[in-house]
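Dock chain B against the given chain A, drawing on the hints supplied.
Those sequence lines, one after another, are chains A and B.
Going letter by letter, the first sequence gives residues 1 to 265 in this note's numbering.
Going letter by letter, the second sequence gives residues 1 to 334 in this note's numbering.
Bear in mind the hints are in silico, worked out from the structure with no lab data behind them.
These figures come from a predicted structure and were not determined experimentally.
Take these hints with a grain of salt, some might be off.
Claimed, not checked - Quick look at which bits of chain A chain B covers, simulated, 3 or more residues with Cβ under 8 Å: (1) 89-98; (2) 184-190; (3) 210-223; (4) 249-261.
Glycine included, every Cβ here is placed at the ideal spot set by N, Cα and C.
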Amino acid sequence: MEQALFISKLSNAKYLIHDVTRLYFGQEFCERLLPDQHQLAEALRFAHERCLEFTLVTPYVTNQGLARVEQLLAVLSQERPDAELVVNDWGVLHLARAAYPHLRLVLGRLLNKVKRGPRIMNIFEKLPETAKDYFRGSNLAVPAYTDLIRKYNIYRVEYDNVLQGLSLDGTDPEIKKSLYLPFAFVSTTRFCLSANCDNPAYADRIGIFPCGRECQRYTFHLFNPVMTVPLIRKGNTIFFLNEHIPDVVSQQKIDRIVIEPEIPL
Amino acid sequence: MKILSPLDSVDEVEKLARAGADEFYCGVLEQQWYERYPVISINRRPAGKGHFKDFESLKQAVTAAHALGKPVYLTINEHYYIPAQYSLITQYLDQAGEAGIDACIVSDVGLMAYIRQQGYPMQVHVSTGGTVFNWRAAAFYQELGAVNITLPRHLTIEEIEDIIAALPTLETTVFIMNSRCINVDGFCTFQHGLARKEILPMFRNACMLPFDIQVHDASHAVHHPADEARIIERQRVWEKVHVDDYPCGACALYEFEQIGVGSVKIVGRGNPLERKLCDVGFLSGLMTSLREQNLSRQEFRHMVRQTYATTYQRPCRLTMCYYPSVMLEEHADS
Numbered sequence: 001m002e003q004a005l006f007i008s009k010l011s012n013a014k015y016l017i018h019d020v021t022r023l024y025f026g027q028e029f030c031e032r033l034l035p036d037q038h039q040l041a042e043a044l045r046f047a048h049e050r051c052l053e054f055t056l057v058t059p060y061v062t063n064q065g066l067a068r069v070e071q072l073l074a075v076l077s078q079e080r081p082d083a084e085l086v087v088n089d090w091g092v093l094h095l096a097r098a099a100y101p102h103l104r105l106v107l108g109r110l111l112n113k114v115k116r117g118p119r120i121m122n123i124f125e126k127l128p129e130t131a132k133d134y135f136r137g138s139n140l141a142v143p144a145y146t147d148l149i150r151k152y153n154i155y156r157v158e159y160d161n162v163l164q165g166l167s168l169d170g171t172d173p174e175i176k177k178s179l180y181l182p183f184a185f186v187s188t189t190r191f192c193l194s195a196n197c198d199n200p201a202y203a204d205r206i207g208i209f210p211c212g213r214e215c216q217r218y219t220f221h222l223f224n225p226v227m228t229v230p231l232i233r234k235g236n237t238i239f240f241l242n243e244h245i246p247d248v249v250s251q252q253k254i255d256r257i258v259i260e261p262e263i264p265l
Numbered sequence: 001m002k003i004l005s006p007l008d009s010v011d012e013v014e015k016l017a018r019a020g021a022d023e024f025y026c027g028v029l030e031q032q033w034y035e036r037y038p039v040i041s042i043n044r045r046p047a048g049k050g051h052f053k054d055f056e057s058l059k060q061a062v063t064a065a066h067a068l069g070k071p072v073y074l075t076i077n078e079h080y081y082i083p084a085q086y087s088l089i090t091q092y093l094d095q096a097g098e099a100g101i102d103a104c105i106v107s108d109v110g111l112m113a114y115i116r117q118q119g120y121p122m123q124v125h126v127s128t129g130g131t132v133f134n135w136r137a138a139a140f141y142q143e144l145g146a147v148n149i150t151l152p153r154h155l156t157i158e159e160i161e162d163i164i165a166a167l168p169t170l171e172t173t174v175f176i177m178n179s180r181c182i183n184v185d186g187f188c189t190f191q192h193g194l195a196r197k198e199i200l201p202m203f204r205n206a207c208m209l210p211f212d213i214q215v216h217d218a219s220h221a222v223h224h225p226a227d228e229a230r231i232i233e234r235q236r237v238w239e240k241v242h243v244d245d246y247p248c249g250a251c252a253l254y255e256f257e258q259i260g261v262g263s264v265k266i267v268g269r270g271n272p273l274e275r276k277l278c279d280v281g282f283l284s285g286l287m288t289s290l291r292e293q294n295l296s297r298q299e300f301r302h303m304v305r306q307t308y309a310t311t312y313q314r315p316c317r318l319t320m321c322y323y324p325s326v327m328l329e330e331h332a333d334s
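Isolated chain A (complex conformation) (with noise of 0.2 Å):
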C-alpha cells in the first residue's frame, strides 16, 4: 500500500514520515490558495531530495485560475514530466490533455461523485438494499464512463472516506484507486464565510469578493444533533473527519492512502 503525503503549503512537510513514497502538493478548492510558480518548483525540489513521487493537485478554476494552473503545468512538466496530476475541474483535464499529454491523469474527489452528507447516517440500515447501493456507489461502475475517462487519459480515481462505507463493485480495476484519510469534504462555494469574517463590513456580503486569506487563519466547528459527526468549515469548504478504516482496504481494492496531516486548505 502506498502512501501519499498531502499538504497545501511547504511548511507542512514537517509532517512526512518514512512510509511516504509521495508527496502531494496543492490545492483542491480555491484558486487563490493555488502555489505560485516558485512554491511549486520549492517543493519539486524538496520531493526529488527526497526520493519521493510527486503529485500536483488542483482545484476548479475559473478562466483567471486556469491561466495560473497552466502556468504550473509548465513548471511541472519541465521539471518532473512523470509527475502525476490531480483535476478537481473538467476544464484542467481539457488543458492536460490537449497540452500535457504525458501528465498521468487523477481524477480528483471533487469530481468523483459520492454522497457524503452525515445525515444520511441518521436513516442508513433503513433504507432499501437499492438505496444503500447507490450511497456506496459512484458512477465509476458506468461502462460509458469509464471508456470516456480512460479516453482522457484518467489512470487514478480519488475517494473520499465516507461514512456509509464505499463500494468499488463493477469498476474497471485497470483504474487505481486513492483513499483520503482522515478529512472527507463535503461541500464547497465561492461565496466564501470564512472570507473577511473578522471585518464588519462584510457581515451582510454573501458573494465573491476579495479575500485576506482568512481561512488561514480561521477553522469552524458546526454542531447539530442531526449530523452525525460534527462538520469543520475551513475556508471556503465543509469537511468531516473519519478516521475508520474502511472494508475496501483491507481488500485491497486501493492501492494508496493519502494522508492529510491538516485539512490542506
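Structure of chain B alone, referenced to chain A:
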C-alpha cells in the same frame, strides 16, 4: 435572451407562455423510482410537488408547449447514477423521447457519455451541476455533444462574459431568480433537501440548519468576546436569511443582453403557479423595457429596483442579490 421557466403541469403551459416564458424545464418522478431510491430523486427535487407524475402527463405538456412554439427540457440531473439505476434511466430516456422533449438537462458526465453512446435523439444541456467555471470546461462538454450549459451561481458577470466570449457557438443559461444556494451545486454532496422552515432538520437544506459554532484561531490571538461573537455570527448568515427570500439578479439583464447570454433561468419547480407567473411576468416586463426603450445601464437598474420592490414588497438586499457587484457599484457611486 430567453426566459427559462419551471413547469410542473400541463395546465401551466399556456399561462406561463402568455406571461412571457420562452422555454420550459421540468422533471418526472415515477413511483417505481421513488420506491427503489427514496431520498435520491432522479432530478434533485425531493418527492412531492415539482414533478410530473408520469410521462403521459409530460407528453400532454410538451404537445401544448410545442403548439405555442416553446421547447421543453427534462431534468435528469442528479450528480451521479450507479449501473443498477440504468434500467430505469433507459426507460426514462425512451419515454422522454416519445413524449417529444427537446433536450435533457444532465449533470452526470457518465450519463452524458451513455446518451451519446446509445444515440438518443434529444439534445443534451449541461445542468449547473456540471460545474463549468471556465471556458475549457465548457469546451469539454461541447466535445461531449452538449449544446447548452447552465453556468454555476458562483460566477461574476465578468467571469460569465469571459466564458461566453471564448465559446460563442455554445448556448449559455444563467440564474436570475430564486434559490440562491450558498454552495456550488455540482460540488455539494449533502443530500439535497427542501428549504421550507417547517421541514424536519433531517430533510431541510443542510446549509440552512442552525448550528452551534466554535471558532479556532490559529494565531492564538485573544479576542474580545464581542469580536468572536461577530466572527461566528457571520457563519450563520444562511440561518438568518432564506435562500428563497426572493433572490434576484435582474439588474444584470442589461449586461447579459450585451454579452450574449442565451437564457435566464428562474428556479422554482414546485412553486405555486401564482409565484411562477409573478417571476416570469416580472422578468418579461423588464426585458421588454430593455429592448424597446433606449435605457442607460443606470436607468435600467433604477427601473429594476423599483419594479422589484413593487412586485415582491421588499427592498433589494445584498444577501439576496445574485450579482452583488451591481449593488456594491451603486453604493460606491452614491
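Against the structure, the hints:
For the segment 89-98 of chain A, the stated coverage by chain B is satisfied: 7 residues place a CB nearer than 8 Å to a CB of that chain, which reaches the threshold of 3. Remark: the segment 184-190 of chain A is confirmed as covered by chain B, as 6 of its residues place a Cβ nearer than 8 Å to a Cβ of that chain, reaching the required three. A count of 8 residues in the segment 210-223 of chain A with a Cβ less than 8 Å from any Cβ of chain B is obtained; the coverage claim is therefore met, three being the minimum. Only residues whose C-beta sits within less than 8 Å of a C-beta in chain B count toward coverage, and the segment 249-261 of chain A has 0 of them, not enough to reach three; the restraint is violated.
Violated hints amount to a single one, hint 4; each of the other numbered hints is respected by the structure.
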